[in-house]
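K.L.:
Mapping the sequence shown onto the working numbering, position 53 (from 1) lands on 53, and the numbers just tick up by one.
Calculated from the structure, these hints are not laboratory results. Just so you know, these numbers come straight off a predicted model, no measurement behind them. Just so you know, even glycine gets a beta-carbon here, dropped at the ideal spot from N, CA and C. If a hint is listed, it holds; no wrong ones were tucked in.
Computed list of lysine-lysine pairs in DSS-like fashion (alpha-carbon distance at most 30 Å, straight line):
| no. | residue 1 | residue 2 |
| --- | --- | --- |
| 1 | Lys57 | Lys68 |
| 2 | Lys68 | Lys15 |
| 3 | Lys53 | Lys15 |
| 4 | Lys53 | Lys38 |
| 5 | Lys15 | Lys30 |
| 6 | Lys68 | Lys38 |
| 7 | Lys15 | Lys59 |
| 8 | Lys57 | Lys15 |
| 9 | Lys38 | Lys59 |
| 10 | Lys30 | Lys57 |
| 11 | Lys38 | Lys15 |
| 12 | Lys30 | Lys68 |
| 13 | Lys59 | Lys30 |
| 14 | Lys53 | Lys68 |
| 15 | Lys30 | Lys53 |
| 16 | Lys57 | Lys38 |
Label pairs and their computed distance ranges (CB to CB):
| no. | residue 1 | residue 2 | range |
| --- | --- | --- | --- |
| 17 | Glu63 | Asn20 | 10 to 20 Å |
| 18 | Asn66 | Asn20 | 15 to 25 Å |
| 19 | Asn43 | Lys68 | 24 to 34 Å |
| 20 | Phe67 | Asn16 | 10 to 20 Å |
| 21 | Lys68 | Glu44 | 28 to 38 Å |
| 22 | Ile40 | Asn19 | 17 to 27 Å |
| 23 | Leu29 | Pro3 | 13 to 23 Å |
| 24 | Lys30 | Glu52 | 12 to 22 Å |
| 25 | Leu65 | Gln32 | 14 to 24 Å |
| 26 | Ile4 | Leu29 | 12 to 22 Å |
| 27 | Ser56 | Gln32 | 16 to 26 Å |
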Amino acid sequence: MSPIVDWNLLDVLNKNIRNNYERIRPILLKWQENGYIKLIEDNEIAFSFIPEKLPSKEKLIEESLNFK
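Sequences and hints are given; from them, build the entire structure.
P.N.:
In structure tokens form, the structure reads like this:
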């Protein structure tokens, strides 16, 4: 899997992501701060993730749910 996540891929995964991007962006900023991803946010690419820094899916979900 490519570490680059483009807007088309996000639309395939869930069409609501683009519509609700401003709501989820603070979580993405926190993930960037933690070194998990790099936000790019241009016309084609939303972000890239850094595979060696990504925690488990469960930890990402936990961090997201506990984000304030």
